[in-house]
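The task is simple: from the sequences and hints, build the whole structure.
Protein chains: 2
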Amino acid sequence: MTHHVDFETAPERYRHWTLQVEGEIAQLSLDVAEDGGLVPGYELKMNSYDLGVDIELYDAVQRLRFTHPEVRAVVLTSAKDRNFCAGANIRMLAGSPHAWKVNFCKFTNETRNGIEDATANSGQTWIAAVNGTAAGGGYELALACEKILLIDDNSSAVSLPEVPLLGVLPGTGGLTRVTDKRRVRKDRADWFATRAEGVRGKQAVEWRLVDEVIPKRTWAETVRERAAQAAAGSSRPGPGATGVELPPLGPTVDDDGLRYRHVTARFDRAAGLVEVTVHGPTGDVPETVERVHELGADFWPLAMTRELDDLILRLRTNEPELGTWVVRTKGDVEDALAFERVIARHSGEDWLVNEIRHYFKRTLKRLDVTSRSLIALIEPGSCFAGALLELALACDRQYMLDGFFEDTVEGEEGEPAQIVLSASNFGTFPMANGLSRLESRLYGDDDHLAKLRQETDRRIDAREALELGLVTDAPDDIDWEDEVRIMLEERASLSPDALTGMEANLRFVGPETMESRIFARLTAWQNWIFVRPNASGEEGALRRYGTGQRPAYDKKRV
Amino acid sequence: MTHHVDFETAPERYRHWTLQVEGEIAQLSLDVAEDGGLVPGYELKMNSYDLGVDIELYDAVQRLRFTHPEVRAVVLTSAKDRNFCAGANIRMLAGSPHAWKVNFCKFTNETRNGIEDATANSGQTWIAAVNGTAAGGGYELALACEKILLIDDNSSAVSLPEVPLLGVLPGTGGLTRVTDKRRVRKDRADWFATRAEGVRGKQAVEWRLVDEVIPKRTWAETVRERAAQAAAGSSRPGPGATGVELPPLGPTVDDDGLRYRHVTARFDRAAGLVEVTVHGPTGDVPETVERVHELGADFWPLAMTRELDDLILRLRTNEPELGTWVVRTKGDVEDALAFERVIARHSGEDWLVNEIRHYFKRTLKRLDVTSRSLIALIEPGSCFAGALLELALACDRQYMLDGFFEDTVEGEEGEPAQIVLSASNFGTFPMANGLSRLESRLYGDDDHLAKLRQETDRRIDAREALELGLVTDAPDDIDWEDEVRIMLEERASLSPDALTGMEANLRFVGPETMESRIFARLTAWQNWIFVRPNASGEEGALRRYGTGQRPAYDKKRV
Chain A
-4 MTHHVDFETA
6 PERYRHWTLQ
16 VEGEIAQLSL
26 DVAEDGGLVP
36 GYELKMNSYD
46 LGVDIELYDA
56 VQRLRFTHPE
66 VRAVVLTSAK
76 DRNFCAGANI
86 RMLAGSPHAW
96 KVNFCKFTNE
106 TRNGIEDATA
116 NSGQTWIAAV
126 NGTAAGGGYE
136 LALACEKILL
146 IDDNSSAVSL
156 PEVPLLGVLP
166 GTGGLTRVTD
176 KRRVRKDRAD
186 WFATRAEGVR
196 GKQAVEWRLV
206 DEVIPKRTWA
216 ETVRERAAQA
226 AAGSSRPGPG
236 ATGVELPPLG
246 PTVDDDGLRY
256 RHVTARFDRA
266 AGLVEVTVHG
276 PTGDVPETVE
286 RVHELGADFW
296 PLAMTRELDD
306 LILRLRTNEP
316 ELGTWVVRTK
326 GDVEDALAFE
336 RVIARHSGED
346 WLVNEIRHYF
356 KRTLKRLDVT
366 SRSLIALIEP
376 GSCFAGALLE
386 LALACDRQYM
396 LDGFFEDTVE
406 GEEGEPAQIV
416 LSASNFGTFP
426 MANGLSRLES
436 RLYGDDDHLA
446 KLRQETDRRI
456 DAREALELGL
466 VTDAPDDIDW
476 EDEVRIMLEE
486 RASLSPDALT
496 GMEANLRFVG
506 PETMESRIFA
516 RLTAWQNWIF
526 VRPNASGEEG
536 ALRRYGTGQR
546 PAYDKKRV
Chain B
-4 MTHHVDFETA
6 PERYRHWTLQ
16 VEGEIAQLSL
26 DVAEDGGLVP
36 GYELKMNSYD
46 LGVDIELYDA
56 VQRLRFTHPE
66 VRAVVLTSAK
76 DRNFCAGANI
86 RMLAGSPHAW
96 KVNFCKFTNE
106 TRNGIEDATA
116 NSGQTWIAAV
126 NGTAAGGGYE
136 LALACEKILL
146 IDDNSSAVSL
156 PEVPLLGVLP
166 GTGGLTRVTD
176 KRRVRKDRAD
186 WFATRAEGVR
196 GKQAVEWRLV
206 DEVIPKRTWA
216 ETVRERAAQA
226 AAGSSRPGPG
236 ATGVELPPLG
246 PTVDDDGLRY
256 RHVTARFDRA
266 AGLVEVTVHG
276 PTGDVPETVE
286 RVHELGADFW
296 PLAMTRELDD
306 LILRLRTNEP
316 ELGTWVVRTK
326 GDVEDALAFE
336 RVIARHSGED
346 WLVNEIRHYF
356 KRTLKRLDVT
366 SRSLIALIEP
376 GSCFAGALLE
386 LALACDRQYM
396 LDGFFEDTVE
406 GEEGEPAQIV
416 LSASNFGTFP
426 MANGLSRLES
436 RLYGDDDHLA
446 KLRQETDRRI
456 DAREALELGL
466 VTDAPDDIDW
476 EDEVRIMLEE
486 RASLSPDALT
496 GMEANLRFVG
506 PETMESRIFA
516 RLTAWQNWIF
526 VRPNASGEEG
536 ALRRYGTGQR
546 PAYDKKRV
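First to last, the protein sequences are chains A and B. So for the first sequence, my numbering puts the first residue at -4; every next one is plus one. So for the second sequence, my numbering puts the first residue at -4; every next one is plus one.
Mixed in with the good hints there might be a few duds.
Remember, identical chains collapse to one label, so a pair may be satisfied in a single copy or spanning two.
[Unchecked claim] Below 30 Å or equal to it, Euclidean Cα-Cα: the simulated DSS-like pairs (lysine-lysine) are: (1) Lys356 x Lys40; (2) Lys446 x Lys176; (3) Lys446 x Lys197; (4) Lys551 x Lys356; (5) Lys142 x Lys75; (6) Lys142 x Lys446; (7) Lys176 x Lys356; (8) Lys197 x Lys176; (9) Lys40 x Lys211.
I should point out that these hints are in silico values taken from the structure, not numbers from a laboratory.
Structure representation (structure tokens):
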């Protein structure tokens, strides 16, 4: 399964979804092509999904936000009769290596969080019109929506049959969302999650598993009504607004790396690392919001974010052996800040600028849950300023050169490495735990944080950055090369699993939210269960599912 | 490793610790007997520990709270030269089955949480006098203390070398406590946790890894001073107060179960379950606090809690294949409430009653993190009232008989099953997430919770309990036997791993605290890492440690 996965698609190429927009309502219908699996070896029966199906869903979520400002409510439904969605394909899961399963679950979780983010931050309310049985990941997809409507046809049920049928957990937030979001009583959640056949009708409403059960004959009409009601309360521009097209990114991909317009990644396979460079903006700063709309996908913050997002997804899936990402920026500090000011000034009032802000936020969150060591190198010519400084703060460590590289030609030194704090480092791009990256970094040290608020909008050099606690170390040219090299070599020598666990703990300090709990308590347990023989062994439940043989469990509790 | 572990001990039998009490200061010194391992196959070198060493530590923690009300500060130190504690013994870990490692970590975590609980709730401040190197679990032991003093001898360091040396995480809260409790900046924590040699001297203070570095020549004197300072601010009774002896519980243990005075456990190996019965109080309710002190360990709430605590520990360690615990109570509802009122009335003013309250709280917390399915059966003759109702609420499900069993002799029915809510169900015994069990059960449903507050101190029968959301189901005699039997059979047929993960998610809804994060984010990741070949395989770091051979890692990130 060393399939090289491309995350780019577009509605006209969808094999599994149909996106229809009518005025302020969009309908996204799942109709999985059985023979459309991303990888050979399984058929996508019963509207079950694999990574390929979810890549299309993610694309739809993105386009609804950027290309469809008129859409205020999204109806998520199925084009198949009596079958909403059966969740992740079991044969695919059973046949996949552990790392593939975990990465797949991470992406699907991020997409579902993105659906909730659209409801919360774009006035685009998602409604699950569950017109057939929603099982496992199918029900979890519905759980990511704001409202769940269930058809009352005496057979359609919602269920989380993973524990009884597959010996694993509902892996896309199901256990967390039933209690924390839908407030299902936990003993009922326990019952529900061990009952393969699920719950339907009135009981599903009473237990809060769905919001409403609707008779078949009034189904279509009621769904339309609920969508119209949701749309009515939206702050989204609505009909008349013009969206932004998202053309293909089409990076150059070869054995040495990936190159986009603003983002490049160079592989160093011997060292087990990727050198990621984000290039800052060039050219004129748009003076008006109208100009931002004209630029559309060419507006640097959006273009750069799309590229970075795509890069993260490709590297996570296609380059699992490159365990360290070295992150640099290149560009002019003032230009970076000028573009950032456009975002800061207009994100409250303009839907597109608001979308860009939240998209950069979501992309940073992807970095936060990426199981790679992230090291920021802050060198002369870099532009870690304001929003771009978040890239460095998302890293596990930050190294900043004090002074110049020795081999710099005299008279051409330019400026030494400098960083700039701005207002956007104090809450514009929160992490999943609800804290800004600075709050996480200085957790509980409010005085320090208050001091940093006084240090915004000016250039901070390496020594001062070190004193202010903004970088891990600030070697000068004499030490830089050795220190960085040894640090990267050491990192590459450590257990990848231990690093993944360590980083997952240290990146998220302090409080947890429903979203962070999904990646922590739920996902970490699921990762453990996925590698246990009771699930993935020869006689385990995942492998035996559908064979007619019952799984053989080691009954010992751990 | 099917060693039958006994968790009872006493200071005069300690092989690894010395407990010295002088006035209001206690000193607990670690001096591990190399040949004193609980299980054959390893030597406890360098003050490293196994479960046996930690059982003694737990005993000391308990006796300091109950037998030593005069002790206001506890100095935790080492009796070995230049060696505070090397953490969990690596050979023991490398040679242990996965389940043993996980259960061992759970107990050590609970004991360290208990140390913090003593500081927080008993005015007994623990101070780590780190008079030699504290590595891994050794430093984590210090992290559980309120203050960490480090000797400045040019060699003694604190370190978390698990990631670089063993390919696993610091498994006893280390990663969580450095950031969340000690507020070490997370990039520094990353550096620290990958640096095998650790940090010493001034840097350790600057990074907040320790509170103070003290020269060798003033060491003893300064430690005494710091202990005296901590004691000075304590609310603990201090010298003059008389403690309560904790005599051996000595349960009857045989193949069929365990029997204590107030708690019994009957094994049903065919069904894979244990029937736990807690017997309510009998005899006179103490009318005064003085009488409670006279009764001491015979005072029912303390006696019952000690037995329940010991039972949980034995079952978890010795009976891993009994995956379901069926929990019943037997006794008089009024008597249970009368005893509970003694606790409610005096826990604010009397140290012993306060200790009993917090001990029952800690024992319930042990249930919460126990990886067994917990099912409460509420039958006629039970006494799930007030504090004892917490036992039912700690369970995954609650079944309550509506009416009487058919075979009850007419005229001898007595009362049907009834439960009683009391004030103590609303915060007296919080879970690790900071919520009461009712708040967890009805998470986010404040109106429901407010309604329940109006329903305290009266008997609630099965139908009403069902309506009030206090039980999962309330079958009558016609359905009871089948429903309970089928439910228990179904439970026993499910994957033990999936159940463990599901229960660990559903029991803790909503917010997380440092304590719950240790059991969730940290421990769940550690469990995953423990089963990975990079740690536990033939060529993994745990197995290769100390052999001179370097581990061979699969470099793929997951």
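At most 30 Å between C-alpha atoms: does Lys551 with Lys356 qualify within a copy, between copies, both, or neither?
-> Between copies only: 27 Å across chains, 43 Å inside a chain, cut-off 30 Å.
Is it within, between, both, or neither for Lys40 and Lys211, if the alpha carbons may be no more than 30 Å apart?
-> Intra 24 Å, inter 72 Å, cutoff 30 Å: intra-copy only.
First find the shortest C-alpha distance between Lys176 and Lys356 inside one copy, then the shortest across copies, and answer within, between, both or neither for a cut-off of 30 Å.
-> both (22 Å within a copy, 28 Å between copies)
Quick one: Lys446 to Lys197, C-alpha cut-off 30 Å, is that within a copy, between copies, both, or neither?
-> For Lys446 and Lys197, only the inter-copy Cα distance (24 Å) is at most 30 Å; the intra-copy one is 56 Å.
From the Cα coordinates, with 30 Å as the cut-off, is the pair Lys197 and Lys176 best called within, between, both, or neither?
-> The answer is within: 20 Å in one copy meets 30 Å, while 47 Å across copies does not.
Is it within, between, both or neither when you check Lys446 against Lys176 at 30 Å Cα-Cα?
-> Close across copies (21 Å), not inside one copy (36 Å); limit 30 Å.
Should Lys356 paired with Lys40 be assigned to within, between, both, or neither, using CA atoms and 30 Å as the limit?
-> neither (35 Å within a copy, 50 Å between copies)
Give the relationship of Lys142 and Lys75 under a CA distance limit of 30 Å: within one copy only, between copies only, both, or neither.
-> within (20 Å within a copy, 63 Å between copies)
Between the shortest in-copy and the shortest cross-copy C-alpha distance, which are at most 30 Å for Lys142 and Lys446: within, between, both, or neither?
-> between (43 Å within a copy, 27 Å between copies)
Hint compliance for this structure: hint 1 alone is broken.
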